[in-house]
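Visitor: If you want the building blocks of each chain, they are given just below.
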Amino acid sequence: MSKSVELQDVDIYYGTFKAVEGVSLTVAKNAVTAFIGPSGCGKSTVLRTINRMHEVIPGAYVKGKVLLNGEDIYGTGVDPVNVRRTIGMVFQRPNPFPTMSIAENVLAGVRLAGERMSKSDAEAVVEESLRGANLWEEVKDRLDRPGSGLSGGQQQRLCIARAIAVKPDVLLMDEPCSALDPISTLAIEDLIRELVEDYTIVIVTHNMQQAGRVSDTTAFFNLAGVGQPGRLVESGTTSDIFSHPKEQATEDYISGRFG
Amino acid sequence: MATTTMPTRSQPSSLIGGQLPRWATPTVGASAVAAAFALNLTTGLAGWFGTAIVAALVFLVIQSIWSFRVEGRRHAVDRLATTLVYSTFVAAIVPLVSVLFTVLVKGLAVMSWAFLTDSMRNVSPRAEGGGVGHAIVGTLQQVGIAAAFAVPVGILAAIYLVEYGRGRLAKVISFFVDVMTGIPSIVAGLFIFTAFVLGLGLERSGFAAALALAILMLPVIIRTTEEMLKIVPNDLREASYALGVPKFRTILKVVLPTALAGIVTGAMLSVARVAGETAPLLLTTFLTQSYNYNPLEGPQASLPLFIWDQITSGTSASVGRAWGGALVLITIVMLFYITAKLLAARFAPKG
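Each protein sequence line maps, in turn, to chains A and B.
Position one of the first sequence corresponds to residue 1307 (this note's numbering), numbered consecutively onward.
Position one of the second sequence corresponds to residue 3 (this note's numbering), numbered consecutively onward.
Where hints are given, some of them may not hold.
Here are the simulated DSS-like cross-link-like pairs (lysine-lysine), alpha carbons at most 25 Å apart as the crow flies [to be verified]:
(1) A:LYS1425 with A:LYS1369
(2) B:LYS232 with B:LYS255
(3) A:LYS1371 with A:LYS1473
(4) A:LYS1369 with A:LYS1446
(5) A:LYS1369 with A:LYS1335
(6) A:LYS1473 with B:LYS232
(7) A:LYS1446 with A:LYS1473
(8) A:LYS1369 with B:LYS249
(9) A:LYS1371 with A:LYS1324
(10) A:LYS1473 with B:LYS255
(11) A:LYS1473 with A:LYS1309
(12) B:LYS255 with A:LYS1425
Partner residues aside, some chain A positions facing chain B, computed with beta carbon under 7 Å [said to hold, decoys possible]:
(13) MET1359
(14) VAL1387
(15) ARG1391
(16) MET1395
(17) PHE1403
(18) THR1405
(19) GLY1415
(20) LEU1418
(21) ALA1419
(22) VAL1472
Just so you know, these hints were derived from the structure itself, not from any lab.
Keep in mind that this is a model prediction, so the values were computed, not measured.
From the three backbone atoms N, C-alpha and C, an ideal C-beta is built for every residue, glycine too.
Using the sequences provided together with the hints, build the complete structure.
Guide: Have a look at this one:
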């Protein structure tokens, strides 16, 4: 079941450094929301606060509220481990576990969390997740081979399969195609459009065409200035942001008139 | 193209420089050796060692000058550096091979099934015969107990330092681990002797010896495990966290397996390091000439003590047994090492 996410006046810090300031944004469920903006403007940082991965870095913390279907994931007593099971993540570089086979990688989220599973259930989850990630046909004959032996694009789809195997409500993708060739990129983009039927998806991308192709909503982030925290400039439907943005900075960035 | 370059020497191409002929190196080498021998014979200086040094120096000088004249400075320096690298490699490997060869030849001279299984009970130092069986038992038990203590503690300490330790405590521990690496092994023996024998009033035993060895193993294991954990990519930890896997399970199921090959190697290196230690054993267990299968009670022999004892006896029979003991010790360490490498290869990340 997919869920909506709402950020309310979120400030994000690395130690004493304020990286992102005052972000308020609603991410609709069963839609793809794209975060765009120049490097270092805090898109990835915002993404990582949505499943509490930001605080993995020593000294990093968040102020403000992030609501998952109205429930604050930064509220007292909330276990970040449970948040991350509900809100999955795919990273920029494909990172399958090198000691595990393809099937073990898919099951990693379930197995490592300590859940027991019958062999037939496990096989069902592997097939379902790999089919979900459009990888089943390519790897079904070598499920016991190491995951690191796949191509970069296949590895990334394996990581997506691994993320959806734990059945999250929201899927965060941090530049999932930036290390991939155009054909693999297309495969992932098609996959994102399929996954949105079942998941709420947030994707960070540097590729404007990609944002245009896959997203329903786009949020543009920018730095207020050198050394200033990043902030959300504007957000809206992707067609609005690309055809008639309200802010000059957004138009400059999208049309390429930007440093 | 450049039409205004400085006039160059009458060479067909600026890309081809002077080159020494192919026969240059062997010829210079042979003449250097010949010159060194001639010098040695005429002046009667030094032995074969001095001759080798003279030959190397003559070779270096002739080659450098010749190369400099024909090929220029860069090639001369290249040849000089290459020669130095090769000769230092040989200089490092000669003693190693020499030691192994000597141990092998002298050790095999006394080797037999009886030597491996007999003890020295009722064998006088002058008599032939006897064996290292009791010492093998002692070494295996003591090193085994030491590893049983030091490997888990060391790995857990390293996990703390890499995955959890922040701030002052971690820095202090890290510092003392470095200091411990340099502890003379006899100090470890003294510590156990003081704490175990004097402090607790317990008798010296193989177990006390094992504790002293464990102290020596710890820093090696902590250091190597720490380095191995540090090179596990942070991506993998994050990937695991993002799947909703708790931190300790991430460490147990993702980080440790990825680093396992290196950790096993480190543990084996520490075993190899302590298997040959003699000094701490002198203080913590008395030598015996008989089998003692109980590390908790009474004196227990071990291979290093056996070797030391046989050498100090000084008879030709006992010195022969000492060489045999050395060969057995090296073989045991080597078997450990090979086993560890096989295990590590089995667990190493595939792909």
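Visitor: Work down the list of hints and note, for each, if the structure agrees.
Guide: Status of each hint after checking the structure:
With a CA separation close to 43 Å, the supplied pair LYS1425 of chain A and LYS1369 of chain A exceeds the 25 Å bound. Distance restraint check for LYS232 of chain B and LYS255 of chain B: the Cα-Cα separation of roughly 16 Å lies within the 25 Å cut-off, and the hinted pair is therefore satisfied. The hinted pair formed by LYS1371 of chain A and LYS1473 of chain A meets the criterion: a straight-line CA distance of about 24 Å does not exceed 25 Å. Between LYS1369 of chain A and LYS1446 of chain A the CA atoms are separated by roughly 45 Å; this puts the pair beyond 25 Å, and the hint is violated.
Simply put, LYS1369 of chain A and LYS1335 of chain A have alpha-carbon atoms about 24 Å apart, close enough for the 25 Å limit, and the pair holds. Of the supplied pair hints, the one linking LYS1473 of chain A and LYS232 of chain B is violated, its CA atoms being roughly 31 Å apart against a limit of 25 Å. Under the criterion of a C-alpha separation no larger than 25 Å, the hint pairing LYS1446 of chain A with LYS1473 of chain A is consistent with the structure, at around 21 Å. Proposed proximity of LYS1369 of chain A and LYS249 of chain B is supported: the alpha carbons are some 23 Å apart, at most 25 Å.
Our distance criterion of 25 Å between C-alpha atoms is met by LYS1371 of chain A and LYS1324 of chain A, whose separation comes to about 16 Å. Using a Cα cut-off of 25 Å, the hinted pair LYS1473 of chain A and LYS255 of chain B holds, with the two alpha carbons roughly 21 Å apart. A distance of roughly 12 Å separates the Cα atoms of LYS1473 of chain A and LYS1309 of chain A; the hinted pair therefore holds under the 25 Å criterion. Simply put, LYS255 of chain B and LYS1425 of chain A have alpha-carbon atoms about 19 Å apart, close enough for the 25 Å limit, and the pair holds.
Below 7 Å, beta-carbon pairs count as interface contacts, and MET1359 of chain A has one with chain B at about 6 Å; its hint therefore holds. Given the 7 Å rule on beta carbons, the hint for VAL1387 of chain A holds: about 5 Å separates it from the nearest Cβ of chain B. With a cut of 7 Å, the hint placing ARG1391 of chain A at the interface with chain B holds, because the nearest CB-to-CB distance is about 3 Å. The interface hint given for MET1395 of chain A holds, since its Cβ lies 4 Å from the closest Cβ of chain B, which is under the 7 Å cut-off.
A cut of 7 Å between beta carbons decides the hint on PHE1403 of chain A: the least distance to chain B is about 6 Å, and the hint holds. A distance limit of 7 Å between C-beta atoms decides the matter here; for THR1405 of chain A the minimum to chain B is near 4 Å, and the interface restraint holds. Evaluation of the GLY1415 of chain A hint against chain B yields a held restraint, the C-beta minimum of about 4 Å falling below 7 Å. Below 7 Å, beta-carbon pairs count as interface contacts, and LEU1418 of chain A has one with chain B at about 4 Å; its hint therefore holds.
With a least beta-carbon distance of about 5 Å to chain B, the hint placing ALA1419 of chain A at the interface is held under the 7 Å criterion. At its closest, the beta carbon of VAL1472 of chain A sits 6 Å from a beta carbon of chain B; the interface hint therefore holds under the 7 Å criterion.
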